[in-house]
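Numbering (the numbering used here), first residue to last: 1 to 605.
In case anyone wonders, no lab produced these hints; they're calculated from the structure.
Warning: the hint list may mix true and false statements.
[As the list claims (entries may be wrong)] Listed below are the simulated DSS-like cross-link pairs for lysine-lysine, each with C-alpha atoms no more than 25 Å apart in a straight line:
1. 32 x 536
2. 32 x 520
3. 296 x 328
4. 387 x 328
5. 297 x 248
6. 190 x 262
7. 520 x 104
8. 229 x 205
9. 16 x 6
Owing to the predicted nature of the structure, the values given are computational and were not obtained by experimental measurement.
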Amino acid sequence: MNIEQKLVSSVVNGLKALYGQDVPAAQVQLQKTKKEFEGHFTLVVFPFLRMSKKGPEQTAQEIGEYLKANEPSVAAFNVIKGFLNLTIASSAWIELLNGIHTDKQYGITAAGEQSPLVMIEYSSPNTNKPLHLGHVRNNLLGNALANIIAANGNRVVKTNIVNDRGIHICKSMLAWLKYGNGETPESSGKKGDHLIGDYYVAFDKHFKAEVKELMAQYMAEGMGEEEAKAKAEAESPLMKEAREMLVKWEAGDPEVRALWQKMNDWVYAGFDETYKLMGVSFDKIYYESNTYLEGKKKVLEGLEKGLFYRKEDGSVWADLTGEGLDHKLLLRADGTSVYMTQDIGTAEQRFSDYPIDKMIYVVGNEQNYHFQVLSILLDRLGFEWGKSLVHFSYGMVELPEGKMKSREGTVVDADDLMEEMINTAKETSNELGKLDGLTQEEADDIARIVGLGALKYFILKVDARKNMTFNPKESIDFNGNTGPFIQYTYARIQSVLRKAKEAGITVPEQLHAGIELSEKEEGLIKMVADFAAVVKQAGTDYSPSIIANYCYDLVKEYNQFYHDFSILREENIDVKVFRLALSENVAKVVRLGMGLLGIEVPERM
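Please model the entire structure based on the sequences and the hints provided.
Written out as structure tokens, the structure reads:
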């Protein structure tokens, strides 16, 4: 039981003893005392005037006297009008710290066998190009969210749906056949996803050249520019071949399928490297090539049950006008599926694989309407979690103009970005002397931890719903609201704890309660204790940024304490041990909090 809970319980007992009234705990309003007044917590007494039949000041005085006599954590009180300001005893703060100190996983609730099962989908790459900056935000949010949901006592399944079929995949395949000369990741020295991405770009280059040539021909024949362009795109021999290849793929042509499998395997090997460096993983990967037919089957079942309707051209639609929306296409006239159909098929597979209680989709905000519709359709089709599915909608992420160029010159891919971050971290850390005295291996590892920590923290500290600009240079600052600032503070605390150990000072399981604490020390204990509520809030709001900004606020407060108070030079041994314990628990909570965000913290810097 934390201090607030104890106070609420004592106030409830006091109201019964003083006025003979049973009051629900929810009616007891405790606030943090305003800075201009003395005290830690303030009780608002106005709701109790009817039962006390006295003025606000007298009522506050009586409750204050009762608490002073009956609640050991209350050291003193003062009354300002109808507000009772309570000062908490140092012994109560130390008792609170003792409870945190003995809990190695403070603030984290472990899941049991009967805990709700939450499935979280994130990443969702296409197999025709590498992961890019947008995927970085998606993966980091999805991974952090999975950790936070798990830390709130849920069982979690992390899942990915790979878009491995369609015309865009055929474009890469066809370009490789035409211009590749049998090139492989091994022969080129390129990651498989980059290699395939290059052929997707090659297709586009040749296609545009064909369109330009055909347009000139059609316009010379007297056609207008727009009409000529539309005809040129439709008549492009390259695009026709790509469409033919897609038809063959759908028909299960052995040669096309074998090529598709080989090239996709190259891409998956490349993705795996990217995911590993990024520190994200999945429990189950689904592939659209396996789910689109399932979706089609499910839609046809819905049609039979009268949930959907068929138009004269043979296409299948859902009427959503009853929900204030429009009509939604589910199957085209030629029987082929759309994205919505594939998502229904994926849901069907997932529901048969896992007893899902809640489904969370981490997808950009341009898909808000899609998931609004999907929720309605899944509910209609009988999925228990359909109505309550969560679309974790996030904003776009961009780089400041001209900061970084990818090999395509437009989209920044994830590997380039992470490599750049690690190199910048190494340069910055060297300049500031943070890597002095370390072996090359240690320095490289710290550059990786700091570079990726800077990237992850800068992205995760922003409210996910907002569009953002990722500034690589700003993110690797060792001052301010950045990952490196938090990581450096953690390493600083580890250095203090190592020196204490070398001096033979050990922190006991339980701290001595007989010392007087400063306001700064009490405030730090309170902030550390808040971690449990912060984890809960982040889980309720689906908001990793709450944890990120809490970690920053905590280390900022700790650095002021470190600057103002002696730790190892403190002469009173009990005070010294207390400050070491406080430092140790600040570090523990920072490690746990940053861990939930998928960010490592270095032991030394």
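- Failing hints, ascending? Per hint list: zero violations.
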